[in-house]
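2 protein chains.
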Amino acid sequence: MHISTYFACILLGITLCYGVPVKKSNGCGYDACNLGDPMKLNVHMVPHTHDDVGWLKTVDQYFYGARNYIQHAGVQYILDSAIRALDQNPDRRFIYVEIGFFWRWWSQQTDDMRNKVKQFVNDGRLEFISGGWCMNDEASTHYNSIIDQHSLGAEFLRDNFGDCGRPKIGWQIDPFGHSREQASLLAQMGFDGLFFGRSDYEDYATRNRTRTMEMVWKASANLNKDGWLFTGVLPNGYGPPDSFCYDAFCDDAPIMDDPRLHDYNVPERVRTFIRAAQNEAVGFATNHIIMTMGSDFQYENANEWFKNMDKLIKYVNAEQVNGSNVNVFYSTPSCYLYALNKAGHNWTSKSDDFFPYAHHPHGFWTGYFTSRAAFKGYERHSNNILQVTRQLNAFANLNLRNSIFYLSEAMGVAQHHDAVSGTEKQEVAFDYAQRLSDGINVASGIINQAYSKLLPLNSQSPPTSPQFLCQLTNISECVPIQDQQRFTVTIWNPTVHSVLHHFRVPVTRAYTVRDSTGQPILAELFPVSNSTKKIPGRVGTATSQLIFRANLPALGFSTYFFEARTLVKREKPKVKITPNDECILQNQNIRVEIDAQGNLQHIINLKQSIAVAFSNQGFYWYQSFPGNNSQSQFQASGAYIFRPLSPTAQPVSQARSITCTKGDNVQTAVIVFNDWTSQEISLYDEGEFVEVEWTVGPIPIDDNMGKEIIIRYDTDINSQSKYYTDANGREVLERTRDYRPTWNYTVVETVSGNYYPINSRIWIKDQNRQLTVLTDRSEGGGSISDGSMEIMVHRRTLNDDSLGVGEPLNETAYGQGLVVRGRHILSLQTPETSAVHHRVAAQHLYMHPLTSFSLIPQDYYNYSAAYRQTWSALTDTLPLNVHLLTLDQLGPKDFLVRVEHYFELYEDDTYSKPVTFDLQSIFKAIGTISNTVELTLGANLELADLKRLDWVTNGESSSTKKTSKERPLDDTNITLNPMQIRTFSVALA
Amino acid sequence: MHISTYFACILLGITLCYGVPVKKSNGCGYDACNLGDPMKLNVHMVPHTHDDVGWLKTVDQYFYGARNYIQHAGVQYILDSAIRALDQNPDRRFIYVEIGFFWRWWSQQTDDMRNKVKQFVNDGRLEFISGGWCMNDEASTHYNSIIDQHSLGAEFLRDNFGDCGRPKIGWQIDPFGHSREQASLLAQMGFDGLFFGRSDYEDYATRNRTRTMEMVWKASANLNKDGWLFTGVLPNGYGPPDSFCYDAFCDDAPIMDDPRLHDYNVPERVRTFIRAAQNEAVGFATNHIIMTMGSDFQYENANEWFKNMDKLIKYVNAEQVNGSNVNVFYSTPSCYLYALNKAGHNWTSKSDDFFPYAHHPHGFWTGYFTSRAAFKGYERHSNNILQVTRQLNAFANLNLRNSIFYLSEAMGVAQHHDAVSGTEKQEVAFDYAQRLSDGINVASGIINQAYSKLLPLNSQSPPTSPQFLCQLTNISECVPIQDQQRFTVTIWNPTVHSVLHHFRVPVTRAYTVRDSTGQPILAELFPVSNSTKKIPGRVGTATSQLIFRANLPALGFSTYFFEARTLVKREKPKVKITPNDECILQNQNIRVEIDAQGNLQHIINLKQSIAVAFSNQGFYWYQSFPGNNSQSQFQASGAYIFRPLSPTAQPVSQARSITCTKGDNVQTAVIVFNDWTSQEISLYDEGEFVEVEWTVGPIPIDDNMGKEIIIRYDTDINSQSKYYTDANGREVLERTRDYRPTWNYTVVETVSGNYYPINSRIWIKDQNRQLTVLTDRSEGGGSISDGSMEIMVHRRTLNDDSLGVGEPLNETAYGQGLVVRGRHILSLQTPETSAVHHRVAAQHLYMHPLTSFSLIPQDYYNYSAAYRQTWSALTDTLPLNVHLLTLDQLGPKDFLVRVEHYFELYEDDTYSKPVTFDLQSIFKAIGTISNTVELTLGANLELADLKRLDWVTNGESSSTKKTSKERPLDDTNITLNPMQIRTFSVALA
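Protein chains in written order, with the UniProt record's numbering: chain U, 1 to 989; chain W, 1 to 989.
Excised from the complex, chain U in its bound form:
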């Protein structure tokens, strides 16, 4: 409808003009909603675009519309044109989702345009939905980064659009499977609901048949109703009904409504639309249905969509005079949700998750749990640096948040469901990595600046030498310190508990290492393994790693001073190396038995007196299902899909070599399976875990077989089909082999169909033994037979799996297949003692101490006289079950802080209980808290202002009696319940 007509309608008080119900806009959000006609089938037409923050092209190529020969997509034009289209007709609605793109666009707009956009937001014509920096992946993302990326978008929206800009609806329309933790986090962010597009084909069919496409998801086993989230499966993925795509890049027939011209098609189009609406309604519980009018990168010329939808609405509703019950109008996910909310329905509920996702019997999207294992590791590593940088920025009071933004932004982008998921094109993966690298470069400058303030003992101290990161120490490389006479190793512990950790410094010579008190400490030279030395691209020439033990203060640092020394010729090597013999690693807590053939035989927990026997442990491979995805050669394994040709994994070698090396700090067994797989099993002094550092690659493909490499742990644990995997690093879900809790599952793919995301841990257990494997990055895996856990650590496929990426997942570097190295941390405990071990260790793994190096001109005496060598932000010890999730300096005196109880209910007798502590203790080093305001998890709304919609499931209402969140301003004591995260805005005096 033309604007002037619209105003005429309003003036005349006519509510129906041209057959289109016209609603005067009263404001944004639910107030701006058209709730339809209770006597009709109400079709909520939701114009939307789905803009991947990188996939086949980089995020900036997508933004600008560059390299359209790869994929036609230009987000700048989408936003340009959608805004202009909204101007044409006040009934039109548009939603926008990915703030990573919106921010790019917004920063190029004039004030006039910005004001226009604000007006549209205030009128509810433009609505931000989800509003994260991206639409994050749900399988391979860590909760810390999900929260960060959502908060990054939410902050932008809050700052620029205020309350009308606050997203209320989760919109995970494209991710390939849905995590329960994602829903729980969205609930904690104050969202009223969640819609997604992809669900397992059997699940979908069942729900459609039983009209349960929409439900209340009980998304936390710990948070009760705070974790409930109304959730809907969209009817058609996220696309429009068949033949109603009006995008410039669709070929469907436009509405040709001039009867004087040839091909007039209004009657046929109206008939077809009404039929489509009625067909869709069959699967849904109320007289409201949603149609997602858009798809990937659509609305580049929004006029084409809107012009035809305007006509469609007009002509379809005009059919009501002929008895049609279909009432169609522009809407948004919020308005659709609100209409459902008002429908007074008693919804079903669900408490498991939506993994794994299969779109056909052989199409399990479980490959991406592991795809791009190196990038998945780098992403987790980058988050580690980001959190440390925030902390250092805060404690050094640098107030450099705007610079940290580069890494925050890169991390926000990396959470995208074609980024950390590993399902992007290779060139795009490079770009993601470059962004992280660029962000880390900026961050490392901030780290250096922070230390330049934190290290000097007083104003007379000479300027500090630069602190730098050595990010390749995992391959024993740190070129800047190589051959240096003196350097320091300064280690920041980002957790709120003191940490005992063994570090390895690559060296070419011997050093005396002093701890922060000046005491020389035990530092043992371990040879760099051959498998490390031959890693392609390694330019460092370090032959040894100096291994020393560090005691790090909570939320603080210690500096270790390295000074070269000459090895005395007769100095007896303290480290004993034994090739190809039985190797028993044993410390105060654990005994690891490996036979002379390199087979792990037993792990024994000496304190608990429990042992696990291994029938097999090591590397196996599946051949990727090959094929060109023609009808006869479908479905190939690829970036998304894991489909083994045979369900039986093959060992990578028949024989192994083993080298046993023992020092006082660590005992290791380097087991080489073949020239592309090896593992180093380490047991550290006083350690309670067994570390398995695995190295895989280059995966050979000269036999023209794609290969998917797993590490399998085959034990005598009587696991009875059950296994346990975490969701996004937090709550753990029980899995049952060949089973789905909510539908009658057809077992076809016996391996892939039992894979789940492992973000941080997997375990199996029996009565008195639990073997937990912690991972240092997201991986996929499962328990394919009782007593066994397998974790896919690397994959290299030779076929594209025909889901759009258009490339096989065949990563190379230096002219050969990519080599990836990572770690599994094994914990053998009783079920009762497991949680405290894996919970603490998992937090330490992703919030790892960060090491920086500095070349020091002074000798130790002068250095120690000038610089602080250890420091902690804390004076009180915080309870072990408290985790400092976020510490972010917003302004000179303003901070955002998230604290977390990271134990689940009932998993530990001591720690699975509410815990109370004083928030002030975290700020002791900075100042005195003058005010705290508790916020939603996304930090964009005062918690006291949050009012979520109420839903009824199985007769029970989702509403909770709100305990008054008002707290005395001077009371900084905080209580956390299991798995609770609380977010505060903190102002210092």
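It is possible that some hints are incorrect.
Copies of the same chain look alike in the list, so a pair counts if it fits in one copy or across any two.
Quick list of in silico lysine to any residue cross-link-like pairs, SDA-like style, CA-CA up to 25 angstroms [stated by the list, open to error]:
(1) K765 - D111
(2) K893 - P914
(3) K722 - H837
(4) K576 - G663
(5) K225 - P741
(6) K314 - D111
(7) K311 - Q109
(8) K118 - D87
(9) K311 - Q71
(10) K314 - R67
These aren't lab readings, by the way, just hints derived from the structure by calculation.
Computed from a predicted model, the values in this text were never measured in an experiment.
Got chain U; can you put chain W on it based on the hints?
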């Protein structure tokens, strides 16, 4: 630049803002032009879209953007989005060309939008260029229809936009070769210049080398400076420079100008653009160059083009501070032309044409001269009906111009360079034909209405029986009269001279035929030939044609009354049929000798005592060059390209059969060459021409060879490499085999390279003999050897010629190849007596008498008592060299009339002289002229108001001392010079 910034610049009196010269808009046309910087290389960036009025999709599919799977194109969106883009920045310019589309769009716009568009036109921001209904083909169009289609667009623009909407620039950017007559007509329409995109590759290279891409085209051999037209060859077809296409459907890099984002490319883009401008400037004479920023159906999302051009202009001009001499700005073809005009250059001139067009040595675009021979015939037939309908509408004072519009519009569409040219897809050809057919249906209703007013003798006459057309009489089919007892044949003569013509009426029985005086006249039954009977789709069962001679009054009708009679058994058949024997056709003027084998031997002009001997006459075929247009199999013959595999045409058969049939009205020889080629040579009583009716098809392709069928006339005329072909049915150009007048021609394709369009005639001659062949439609042909003329009449190719249409030209009907029937009219005269014969005959051929039929309930007595049986609009005889080109009733008392002198200078001693006559004589039957205003040829401007730009060529100025066009209102005496067309608006008292 943002609008607010723009106004700020204006307010501050700053002429350079952001490096972009800003010009306050002072009005439309040349006044609104930015003329650049005299010290710089000025780049006129012309945003434009080229919208084919049908090609791969129908005009309405293109308009709506339907069937985008065939070709992505949606003109409604182009106009939507270009208008909106103009709103963003007042510097932006856009041109629009094809009014057939614009009219469709305009009729769907609100008043607000219309006002906005008018404002843009008045500001010179939107400019109509060319402004015909379509961008007409130049090879196969007739001048009558070129004028009509231009006038149709011009009228729309004049009525809706006034003076600012008047196009001044011809814009034939896509047609495949350029006719001199087109340029002459544009000059007569008052255009200031012409640009086109396609010129022969050798011509282009020569012009580019000699900086003569732009010239003064002396486009008429008769009209002197009134026919001069400044003409420019565009530098890059009609596309943008390489890598600067910013259309949504191009893949070139956008300007990525945010240095914070990856892939920032401003410096590289600026460098590349400056280099492109400088490279282009090399071929052009002044410091102004044009860049056509657009292409086929571009600007569907105009924002993408303009947004990037805005940036390009800004950044390129910013480079001037670093010494760049490139000054780029938005412009239009008018403004570019105006800048050239102001440059004070002395231009070269040209007086031949731009046919044929080749884009590479084997790529002569001469196939389309003949492609879709049936449609080319139907188009000419439709124009015949259109002109008659206009006349009848006028003389019956029906004032039904709005209804005639359907056929006018269809004819306007049909002139498109992928319509009558035959280069559209088959489905689209069907649509063009359907449009004509629909238009004819409406027109035939008007014809019926007109006769219902013209026929009754008085108000007591009973209502007339319906008049209907029988459009298949060329295959002896008129089903409605079949077996009828009584019917009338009413024949309208649309020329201003009385006509003697023989008509053939298909019948199943014998009839008495009475002329308009009631006298029974000689009507001979000739058998319908077997080749006619077997034409697929013929449903009529007429076995005979009744041939009678009609004397038709000038600009009027006669009715012939048919009454069935019984053949008296012993009635001696007057018609003699002689199979397979020598056949001499002879009348008062001509003798045609055909031997017993069916070979035409001689044509003798008895009066002039000249004879031509034929060594061969008949059907030959070339094998179409085959191939898939891969590099090794290039270039196939197709819809555009004629490329024979061998230059030697093969006879279609070794033997012929001949049937000689002689009556008093006509003598014919039916010569059957094989089962798909035949000709009927007819000589009518008192006729001065030999008629050759050819029938070709279904062309066999079971040998997998494409075939191009010619009729060859091999004579003993000593033609000395010269031959003569008309341009669009008017002036005739001399052709010389293997030669081009303006460049050193490389002879590669000895047949195709000598083909020219034959719109109406071709001749060869020697000292005292000229053999002229008139065609009934556009065909291609030439003289490949001395004494020989060949005319391609039909073609069927099996390969696409890779120029976009994507189909071989393989027309079928009724499950087999299409059968086409047409006519050649042969005139053997001395060179001195030829013109008067071919000029008059050619006009009678395209302004053919139109026959309508009516079933009559009354007997002749009652009929003749009630109805007028003959009528002429004229009382005075008009001079033979005057042609009534257009008679169009605009309103009850208003008419548009075009009269024409249709002889060239010097071609006839009597008729090649100026002629004076009284316009009133045409209107005698309607009323008395009260006022006449002379208009430009396009009828959109008073001639007195026309001021064309002045150009200098070879030192001579194009300006003519304007003879005062003011004439006394009561003087309706008109003088026409040879080849002059004069256009008048006539008001009756």
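Hints and how they fare:
no.	hint	in the structure
1	K765 - D111	neither (61 angstroms within a copy, 76 angstroms between copies)
2	K893 - P914	neither (29 angstroms within a copy, 98 angstroms between copies)
3	K722 - H837	within (21 angstroms within a copy, 103 angstroms between copies)
4	K576 - G663	within (7 angstroms within a copy, 126 angstroms between copies)
5	K225 - P741	within (21 angstroms within a copy, 90 angstroms between copies)
6	K314 - D111	between (35 angstroms within a copy, 20 angstroms between copies)
7	K311 - Q109	between (31 angstroms within a copy, 14 angstroms between copies)
8	K118 - D87	both (13 angstroms within a copy, 21 angstroms between copies)
9	K311 - Q71	between (29 angstroms within a copy, 23 angstroms between copies)
10	K314 - R67	between (38 angstroms within a copy, 23 angstroms between copies)
The earlier numbered hints that this structure contradicts are 1 and 2.
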